[in-house]
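Protein chains in written order, with our numbering: chain W, 1 to 342; chain C, 1001 to 1122; chain B, 2001 to 2163.
Note that these hints are calculated values from the structure, not bench results.
Incorrect hints may have been included.
Sample of chain C residues lacking proximity to chain B, with all beta carbon distances greater than 12 Å (derived) [said to hold, decoys possible]: (1) F1018; (2) Q1032; (3) I1049; (4) P1079.
One-sided excerpt, in silico: chain C residues whose CB lies under 8 Å from chain W [as the list claims (entries may be wrong)]: (5) V1016; (6) F1029; (7) L1103.
Every residue, glycine too, gets a C-beta built ideally from N, C-alpha and C.
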Amino acid sequence: MGILEIIIITFVKILIIVTMMLLSVSYLVYFERKISAWTQNRVGPNRVGYAGLLQPFADVFKLLLKEDIVPDAANKPIHTLAPIMALVIAFGTYAVIPIGPAVELFGYNIQLVVADVNIGILYVLALTSIGVYAITFSGWSSGSKYSLLGGVRSSAQMISYEISMGFSVAGVLLFSESLRPLDIVASQSGWMWNAIVQPIGFITFVVSAFAETNRLPFDLPEAEPELVGGYHTEYSSMKFAAFFLAEYANMIIASALIVTLYLGGWQVPYIEMAGLSAGLTALIQVGAFFVKMGALLFFFIWVRWSLPRFRYDQLMSLGWKVMFPLSLVNLIWVAVLVMLFN
Amino acid sequence: MLESYIPIMLVLGFAVVFAMAAVFSSKLFGPQRPNPEKLSTYESGVKPIGTTHERVSIKYYLIAMLFIIFDIEVIFVYPWAVEFRQLFAEFGISVFVSMFIFLVVFELGFLYAYKKGGFDWD
Amino acid sequence: MNIYDLIFYLFATITVLSALAVVSTKNIIYSAYNLMLTFFGVAGLYVLLGADFLAIVQLIVYVGGILILILFGVMLTNKVNGMPIHTEVTNIIPASITIGLFAGIVLAFFMNTNWKSVTTEFPATTIQSLGKLLMNEYILIFELLGVLLLIALIGAASIARKQ
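I would like the entire structure built from these sequences, with the hints used as guidance.
Next up, the structure:
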């Protein structure tokens, strides 16, 4: 394929992915509100559209028409830059996550992933570690002590859990022998899902993912009773919307990443025995990816509305004293498995 | 091989344009009526107390310091993990043992820091 | 000139301009921000050289770790935020002599080296060969690296706690 063809195909993929992402984020917010209402025996949003289905759009329009307030004490350039960074990183991470098998379309063999790079998984980890800056800069530049505290807390929390995340991923690499997300999915054929083969790594990765996305029970950066709104206290209008969008986008990425690394990606066990046509199989597999992702997203929301918040010292000691040794044990366990069954 | 990175550049470029458009759109559609009260920092309705740039605790710095060392260790595990199956077929158990020694040596340091209370937050 | 040359000049420009901004801005947070861009530009150059793993390591270790440490250091220091950082002492003549000498030496080497241009296929990924080398020829260095990290960790832990 020539450069021009790659660019055109990539643009089509980007447009599809962006549309899908914006829609899924909007409705994730809607579902979070509905599920929380359900958990607390309330009704939830039900005014805009049928059963409140147009509520996300109403929210976005409201934020769009609000005044963009930048406090006097803030550092203006960095205050503006921080939400942009948060959004760029959230979008950039989508590029390497495969949502389905390769399909034949218009004579091209197209992979259902925007960028099929050899170091895909590390690219995600690298962007996650850059994501710390959006939060640190927003906290520092707002000129408010709540923001600053939220910002530093969040960055310390994120870097602490990056370690156990990194070691858990190393366990997956032992099986896949590649950093390419497509190879990682391929290495989990049948029921050989990593969640079953290496349950400890699965648990440490999921817990770290909760901490990286700042979700309850690890949402100390924005703990309302003590920090008002945390790092985005001083943000309003579309800048706030950017942080909000990035936060939910990160949740979707985390689920997609867990599905890719541990739940077999888009694979459906034994589907090749059903004798379906190639197109139908691909369609079912893409569907399976989204079903798995949806289940994980439901789990994220369920946990948020069921568990209380950790204390900061508990959070740090969980990360360093429990999750890090456990992910190390998982690495050794997987290495032993590979040696036994080679 | 390089052409697989072009989509990444395109995605990042697109993301920058989209994010800037989103953030600056409120300047177009939203009202701009600032006043001193509105532009003061939030402090539950009262005048802000103390300086806005508080010094943060030294503990955050120490966590970042420990993080760098652990981060470098993880980086060295990746090449081994990716190549482990093939190396094991070629050289046998010694590949596992050499990584095990590397990890154990490092974990001695982890234990030392643990006993010293380097991971305590008080 | 093909598209990769264009991309090379893009990343080279990002790297050089942001590096200049690091040393010339008055606000230390802006310096930190520009340093992030410099690291990013260098990572892009590594990718163009076919060193994909090194590029990611550059991002994970330098941007994700060391720069965070610098930022925390800035935030820890009370009066640094927003304050212009300049020293009272400015020795322009010795500085320009030293820099001129250094630049001359670098330029002389640049001109006199017989640069070889090799047009080989890049390997698909470098991480496999890195793993092989680490476990074969550089195994002793690899284990010594574990000891080095141990020493660094012990040092960090004893700075962290004095009891």
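* Numbered hints the structure breaks, given as an ascending list -> 4
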